[in-house]
Structure formats: structure tokens, C-alpha cells
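Got chain A; can you put chain B on it based on the hints?
Protein chains in written order, with the numbering used here: chain A, 37 to 325; chain B, 2 to 462.
Just so you know, not all the hints are guaranteed correct.
Taking lysine-lysine and the DSSO-like style, the derived pairs with C-alpha atoms no more than 27 Å apart in a straight line are [as the list claims (entries may be wrong)]:
| id | chain 1 | residue 1 | chain 2 | residue 2 |
| --- | --- | --- | --- | --- |
| 1 | A | K161 | A | K238 |
| 2 | B | K161 | B | K453 |
| 3 | B | K142 | A | K90 |
| 4 | B | K353 | A | K276 |
| 5 | A | K77 | B | K268 |
| 6 | B | K202 | B | K161 |
| 7 | A | K250 | A | K223 |
| 8 | B | K353 | A | K305 |
| 9 | B | K202 | B | K192 |
| 10 | A | K245 | A | K142 |
| 11 | B | K5 | B | K109 |
| 12 | B | K47 | B | K453 |
| 13 | A | K107 | A | K43 |
| 14 | B | K202 | A | K77 |
| 15 | A | K238 | A | K250 |
| 16 | A | K39 | B | K167 |
| 17 | B | K167 | A | K90 |
| 18 | A | K77 | B | K190 |
| 19 | A | K107 | A | K77 |
| 20 | A | K133 | A | K223 |
| 21 | B | K142 | B | K132 |
| 22 | B | K132 | B | K192 |
| 23 | B | K268 | B | K190 |
| 24 | A | K107 | B | K268 |
| 25 | B | K268 | A | K305 |
| 26 | A | K245 | A | K177 |
| 27 | A | K77 | B | K196 |
| 28 | A | K305 | B | K242 |
| 29 | A | K276 | B | K242 |
| 30 | B | K142 | B | K196 |
| 31 | B | K202 | B | K268 |
| 32 | B | K268 | A | K39 |
| 33 | B | K196 | B | K161 |
| 34 | A | K107 | A | K39 |
| 35 | B | K192 | A | K77 |
| 36 | A | K39 | B | K202 |
| 37 | B | K196 | B | K135 |
| 38 | A | K77 | B | K167 |
Source of the hints: derived by calculation from the structure; they are not laboratory data.
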Amino acid sequence: MFKILEKREIAPNIFQMAIEAPRVARSAQPGQFVIVRVGDKGERVPLTISDYDKERGSVTIVTQTIGVSTKKICALNVGEELHAFAGPLGLPSEFIKEDINELRKKRILFVAGGVGAAPVYPQVKWLHENGVQADVIVGAKSSEMIIMEDELRAVAGNLYIATDDGSVGFHGLVTNLINDLIDNQGKMYDEVIAIGPMIMMKFVTLTTKAYNIKTIVSLNTLMVDGTGMCGACRVTVGGKTLFACVDGPEFDGHLVDFDEAMRRQGMYKSLEAKANEHADHVCKIGLGK
Amino acid sequence: MANKIPRVPVREQDPKVRATNFEEVCYGYNIQEAQLEASRCLTCKKPKCVEMCPVSIDIPSFIDEVAKGNFAEAATIISRDSSLPSVCGRVCPQEVQCEGACIIGIKKEPVAIGKLERFVGDWSINNGGTKCEKAPDNGSKVAIVGSGPAGLACASDLAKLGYGVKIFEALHKVGGVLEYGIPEFRLPKDKIVAKEVENVKRLGVEIETDTIVGRTVTIDELMDEEGYEAVFVGSGAGLPKFMGINGENYNGVVSANEFLTRANLMKAYDDDYDTPIYVGHRVVVIGGGNVAMDAVRTAKRLGADAHIVYRRSEAELPARVEEVHHAKEEGINFQMLTNPTEVIGDENGWVKAIRCVKMELGEPDASGRRSPIIVAGSEFDIECDVVIMALGTSPNPLIVSTTQGLEANRWGCLVADESGATSRPGIFAGGDVVTGAATVILAMGAGRKAAKAIDEYIKNK
Numbered sequence: 037m038f039k040i041l042e043k044r045e046i047a048p049n050i051f052q053m054a055i056e057a058p059r060v061a062r063s064a065q066p067g068q069f070v071i072v073r074v075g076d077k078g079e080r081v082p083l084t085i086s087d088y089d090k091e092r093g094s095v096t097i098v099t100q101t102i103g104v105s106t107k108k109i110c111a112l113n114v115g116e117e118l119h120a121f122a123g124p125l126g127l128p129s130e131f132i133k134e135d136i137n138e139l140r141k142k143r144i145l146f147v148a149g150g151v152g153a154a155p156v157y158p159q160v161k162w163l164h165e166n167g168v169q170a171d172v173i174v175g176a177k178s179s180e181m182i183i184m185e186d187e188l189r190a191v192a193g194n195l196y197i198a199t200d201d202g203s204v205g206f207h208g209l210v211t212n213l214i215n216d217l218i219d220n221q222g223k224m225y226d227e228v229i230a231i232g233p234m235i236m237m238k239f240v241t242l243t244t245k246a247y248n249i250k251t252i253v254s255l256n257t258l259m260v261d262g263t264g265m266c267g268a269c270r271v272t273v274g275g276k277t278l279f280a281c282v283d284g285p286e287f288d289g290h291l292v293d294f295d296e297a298m299r300r301q302g303m304y305k306s307l308e309a310k311a312n313e314h315a316d317h318v319c320k321i322g323l324g325k
Numbered sequence: 002m003a004n005k006i007p008r009v010p011v012r013e014q015d016p017k018v019r020a021t022n023f024e025e026v027c028y029g030y031n032i033q034e035a036q037l038e039a040s041r042c043l044t045c046k047k048p049k050c051v052e053m054c055p056v057s058i059d060i061p062s063f064i065d066e067v068a069k070g071n072f073a074e075a076a077t078i079i080s081r082d083s084s085l086p087s088v089c090g091r092v093c094p095q096e097v098q099c100e101g102a103c104i105i106g107i108k109k110e111p112v113a114i115g116k117l118e119r120f121v122g123d124w125s126i127n128n129g130g131t132k133c134e135k136a137p138d139n140g141s142k143v144a145i146v147g148s149g150p151a152g153l154a155c156a157s158d159l160a161k162l163g164y165g166v167k168i169f170e171a172l173h174k175v176g177g178v179l180e181y182g183i184p185e186f187r188l189p190k191d192k193i194v195a196k197e198v199e200n201v202k203r204l205g206v207e208i209e210t211d212t213i214v215g216r217t218v219t220i221d222e223l224m225d226e227e228g229y230e231a232v233f234v235g236s237g238a239g240l241p242k243f244m245g246i247n248g249e250n251y252n253g254v255v256s257a258n259e260f261l262t263r264a265n266l267m268k269a270y271d272d273d274y275d276t277p278i279y280v281g282h283r284v285v286v287i288g289g290g291n292v293a294m295d296a297v298r299t300a301k302r303l304g305a306d307a308h309i310v311y312r313r314s315e316a317e318l319p320a321r322v323e324e325v326h327h328a329k330e331e332g333i334n335f336q337m338l339t340n341p342t343e344v345i346g347d348e349n350g351w352v353k354a355i356r357c358v359k360m361e362l363g364e365p366d367a368s369g370r371r372s373p374i375i376v377a378g379s380e381f382d383i384e385c386d387v388v389i390m391a392l393g394t395s396p397n398p399l400i401v402s403t404t405q406g407l408e409a410n411r412w413g414c415l416v417a418d419e420s421g422a423t424s425r426p427g428i429f430a431g432g433d434v435v436t437g438a439a440t441v442i443l444a445m446g447a448g449r450k451a452a453k454a455i456d457e458y459i460k461n462k
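This is chain A alone, in the form it adopts within the complex (with noise of 0.2 Å):
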């Protein structure tokens, strides 16, 4: 069991929560992600590690109340506890390896939608750790949804906002903002790790296509085990089936199928929608009393 040891609502239905997980702690690295179980009948769902803090030994995951599970876990308060924490699993950023003088010199974007914000975080911390300065940009349907700024722009180098709905900073896409930032402003990558939405990362990666840029995308496959044994998460990447669990979740977003991946994220939407019909459902008749 592992104890809920803080709760914050850091936009409208998305919580942040930190989590007594000693062990995880110790062994996280980043992008890297857990799988998460409550009650004893729940899923197994994985969710990016947002921080962790090896000293008093919690890890921090952020989640969006979207499906039942979500829901359950959201609906958790400090003290109570989640049945399983399982991990760090997937493959830490490949960043984490490389000569460090040689990643010094690298121009580095990274680029996150909505709850992608939170995995983006340890990244550049690590990064910022590290005496590397990445640029950043956040984006999201509006300013209410904007989360971990205050956190985001302690470590990055340059941190920019963009909203669809223009309530703060850019107003657009991410995708607009890259154009602006590369054609208007004269900035350049040498890379650009993007996390968010499926369909953002297939045209964040169709953006940075045109300007040659290479590209790392997260992916939010479904999983069951979470550790390469069901196969549930299957990507094709550059032509080749992989798993999103022990091959990523990070893979070069110039090859990957997002069009196959979407599709497969959807495999049990329909199931879902009526599991969460049912979770929402207030007995108009009396039986729930």
C-alpha cells in the first residue's frame, strides 16, 4: 500500500499528489512512468512520474480525471492509500546518457500539452541540474488550464504560454508557436521532446518534419502489466512493432505511426464510455438510497 502524502487541485480536475513510494524514489529517472491500482478491483493504469524526491522517498504524479480509474485515483485523499505503485518502468530519457559537454551545447526545446506538462518537468529539472538550459512551451485550452508554471520556469530557459484560447501568452497552438518562435524570433533546435496529447505530438512532429528538427514524443499507449508482457502497447515505430512499455514510452517522433497509435488508444473507448456511464449514474428511482 503506499500512502497519499499531499493533494493539490492545480487546475480544474487535475490533481497533483505525491505518493509514499521509497523504493520508486530511489530508482526514478526521467521519463520514465508508474502504474497505478486503486482498490482492489481497479485497473492498472500507467501515469507519468511528474518529480520525485528521493530523500523523503515520494514521487509526485499528476492526473486528469478523464475514465473511472482516474476518477477513483483523484478522488483519494492525503492519508489514504493506493493498492499498487508499481515502477519507475519504460525506459529513462535518452538524454540522461549522453556526454554531457556535448548536451551543454545543444539547443533544446521541449514542448507540452495539457497534463503533458508534468512529465515534462523532471526532464528539464535534470536538464537545469545538470547546467543544461532547455526552452519550454506550455500549452493548453486556456490560462485555468495552465499547470506547473511556477515549477517549469524555476528550471528552463526560456518558458513560454500558448492557449487556444489566446487568455494568456501565445495565442494558439503549440504548433503555431514553433513556426513563430523558429521563422519570427530567430530561434533553432537541435532537438525538441514533445509530450501531450497523441494529436498534438503527431503535429508537433509534422511541424518540426519541415525544419529537420529531431523529435522525441512520449507516448500514452494502453497497458495492462505495464512490463512488457501483455502487448497491449503496441507501436509501430519506423516500421516495427515495438512496446511503448519496455522499448519506450520515448521514441523518435519522425517514425512513429501516430495515425495506428491513436487508433489503438482507442480500442476500448466504447467499453469505457459505458463504464463511466455507469459510475456517473444517480439511481433516479431510488436504489442507490
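The following block gives chain B in isolation, referenced to the frame of chain A:
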């Protein structure tokens, strides 16, 4: 006279009824049936059945106690060699092991050793578990990777010898393939697996779940920082194989591992659990092993029209005869000598059919089985909405990739000698991680051998 009595038949759930539920197929013997069947045993002086048992259970002695009605004594005899009699009594291929060697079997049907073992195990569970002698704590610690049959067997033996043993399990439940792979209707989870795991815990074995060795903690950290003098790797063969044919990533194509994990470990068949499972109308399972049978019978129980597609003929099916027989009784359709060449998808990227060719058997290959050859011009489609690939599994590369100096062969299996010793001193391995996917009992046998070798290694250090 003992061998005048015919083998006592075992009661089973009606096939039509059981094809719609997840209750156990076989009811097992009651006391009278067990004693009658036990009376058939000749208690041979040189028992061939024991030689054929991978964990060398003293079969004639425990059967003799059953015949006399001393069930607790029978349980104690088995417990010296196995902590999982209720499991093995259900899933061992007895027909090619103990029962295959039974003298009575030469002229008549062999003694139902498996069903008797199951009876004793279940009796013990229902009567408070088995007490087992245990040496005093010897102060040495051993870590076990994986809580499947190999790990549980190794842990039990080491605990009996006085070692402090801790098992590290990646999943949230204990049992490995017993939990995620073998279905409830063959091996009940709460009633049997969890109870026999209790037998192991009662020996003092600790189990830490949600801990992925190679990620959460490495073998080197366990040995260098946490004081484990030896490590046994029994992490199994969990990585599913796919065919590599076109269309394999369409929605609706899943590995047997995924399908069974959703159904067994995550209890997707039970509405109270959150994990979804998709079965559609017609399910085609590719493969002919025990896992294929488990998958197809699970699909049937979830309401699908369920088919097996296998490239050789029925005689070559690697699954146990009993499983094939049960599957047929339940209305599973077998399409033998058929091999898929492509998965066909609809406009939304969902499976709509599987394209196959007919096969015929040619000359025997290296394995001694006649190899299938494509019949020219025999291509045809089987309409379906789910395809389950049950083509075998290989070991997860995680441990090898995170443990320096640990050798694996080209199939990813750990290289270990007869005793389980690997290329790294102090690291032992056994079960599917060494052999590739095999049986529960072979993994247990390997776990036991490794326990002996670990004991010698630590004593001679």
C-alpha cells in the same frame, strides 16, 4: 484385489453449463472416491511414478495414507517436496509424468495420482493448512525474483533450510502465471492459489509485490546493499510473440497474455472490476498449446463463438489431451491444418477477418513433428472481430539488460547449468526464464534444484 477396481471417474461440471461460467470444470474426488482410488495403488518398492515426478514427491507413501484415511499425514508427506499440491494436482501433465509411468497403466488405467494429490491439497486447505518442519534461522538471506511456481518452490525449500527468504513480485498479486495466465475455471485463484501461497508464507517467506527487479531495484542492489547472499531468478517467460503478418496491429488483435491477464489477473469477466475486455462475436485463437486452449475457452465463457486455428493436425497439438477434450466438450471449433497469412481490417481499423491457407503435413522436422506445408491455392478468410495470438512467450529482457555479466542465449533465456547456476556467482535461475515457456511443475523442479545449489553455494562461501 487392488487392480480389479477400475479407475474412479472424477465428477465434472456439465459442459453446456460450464461454457457459460468461470466455476471450476472438475469437482475432484470426495473422501470415499479418494480412498477407493488410493486403494488401487500397488505401493511399488521401486516406484516409477516418483522418478517421473519433477519434484520427486513420495507418491506411494502419500497415496497409502490416503487409502488409510490419514489425510493430514498424506499432506505432510507431500509438503516435504511441494508447497503447491492443489495447484499441481490440477495443472500438471500427469499423463506424461507420474501417471504415465504407473505400472497399473500398462494393462489398465493408471492410478489417478493427480486427482489424489489435488484431493490431499484441498483437504489440507480446508483443514487449516499443512505444518512443515523447518530448520532454525541460519542468518543468511536469499532474494527470489518472481512469485510464480519456480520462485515459490525455491523459496519454500530455502525457508525450510533456515534461510531468510524474500520474494520480489512485479505484479500486484502473488503467483505469476498461476494468477495471470491459468484461468479460474482450471485453477481457482482465491480458493486455491492464494491458499497455497499462504503455505509458503507460513514457512516464513516474505513477499514484496509491485517491485520490478531490474527497474524498482536491481539484482546488484539487492546483493550489495540489502545483504542478500544469493539471488534466484524465476521471472518466467512473459514476453508474448506475434506472427509478424500484415494487419497484426489492427484493433481487436491481442496476445493471449493480454486477453488472459485481463480476464484472470484483472478479473475483467466480473462486472465489479474496472478492467475492460473485448470479445466481440467471433474470436479466433491462433495456436495449439495450453495457453491457446485457456484463451479460447475463456472467450467462449465470455459469450463468443470461439475457434482454434492451428497449422498442424490434432495429433500434433501441444496442449494436454484433457484440455483439448474439455474444449471440444464446451463447443470450441477446431480448424486444424490452417495457418493465418494476414489480418484483414475494416475501414475503422478493426479486425473483420483473418486470411488463412490450408496446410498439409510433410516430413518430420528436427522436433520429430511433421512439418506443415502450404496447400497451393487454398487461401480463404474466416470472419471474426477478435484475433488472439497464442504463439508462445519468451523471457523478459529486463533482468539481463540490468545485470552485468548475466548471460542469455539468443532466445533471451538465461544460461544456467543443471543446478541453476548462471554465469554470475551467487545468481541462480530456473523455470521458464531458463527453458522458455514450459510447465508449472518443471519450473517447480528447477526451483527446488536451485534451492539445493544455493544452500551449497552459501555454505561453501
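(message) For K107 of chain A and K39 of chain A, compute the direct alpha-carbon distance and say whether it is at most 27 Å.
(response) Holds, at about 17 Å.
(message) Can you confirm whether the C-alpha distance between K161 of chain A and K238 of chain A stays at or below 27 Å?
(response) holds, 25 Å
(message) Need the status of pair K107 of chain A, K77 of chain A: alpha-carbon distance at most 27 Å?
(response) holds, 14 Å
(request) Given the hint that K142 of chain B pairs with K196 of chain B, test it: the Cα-Cα distance must not exceed 27 Å. (result) Since the Cα atoms of K142 of chain B and K196 of chain B sit roughly 25 Å apart, the hinted pair holds (cutoff 27 Å).
(request) Verify the proposed pairing of K77 of chain A with K196 of chain B, using a straight-line Cα cut of 27 Å. (result) holds, 19 Å
(request) Quickly compare the C-alpha distance for K77 of chain A and K167 of chain B to 27 Å and report which way the hint goes. (result) Holds, at about 26 Å.
(request) Take a quick look at whether K250 of chain A and K223 of chain A sit within 27 Å of each other, Cα to Cα. (result) Holds: K250 of chain A and K223 of chain A sit about 15 Å apart, inside 27 Å.
(request) Take a quick look at whether K202 of chain B and K192 of chain B sit within 27 Å of each other, Cα to Cα. (result) Given pair K202 of chain B, K192 of chain B holds - Cα atoms ~16 Å apart, limit 27 Å.
(message) Tell me if the straight-line CA distance from K142 of chain B to K132 of chain B falls inside 27 Å.
(response) Roughly 22 Å separates the two Cα atoms, so the pair holds.
(request) With a cut-off of 27 Å on the C-alpha distance, tell me whether K245 of chain A and K177 of chain A pass. (result) holds, 24 Å
(message) So if I understand the rule, the pair passes when the alpha-carbon distance is 27 Å or less; does K142 of chain B with K90 of chain A pass?
(response) holds, 26 Å
(request) Verify the proposed pairing of K192 of chain B with K77 of chain A, using a straight-line Cα cut of 27 Å. (result) Between K192 of chain B and K77 of chain A the Cα gap is close to 17 Å, so the pair holds against 27 Å.
The structure meets every hint from the earlier list without exception.
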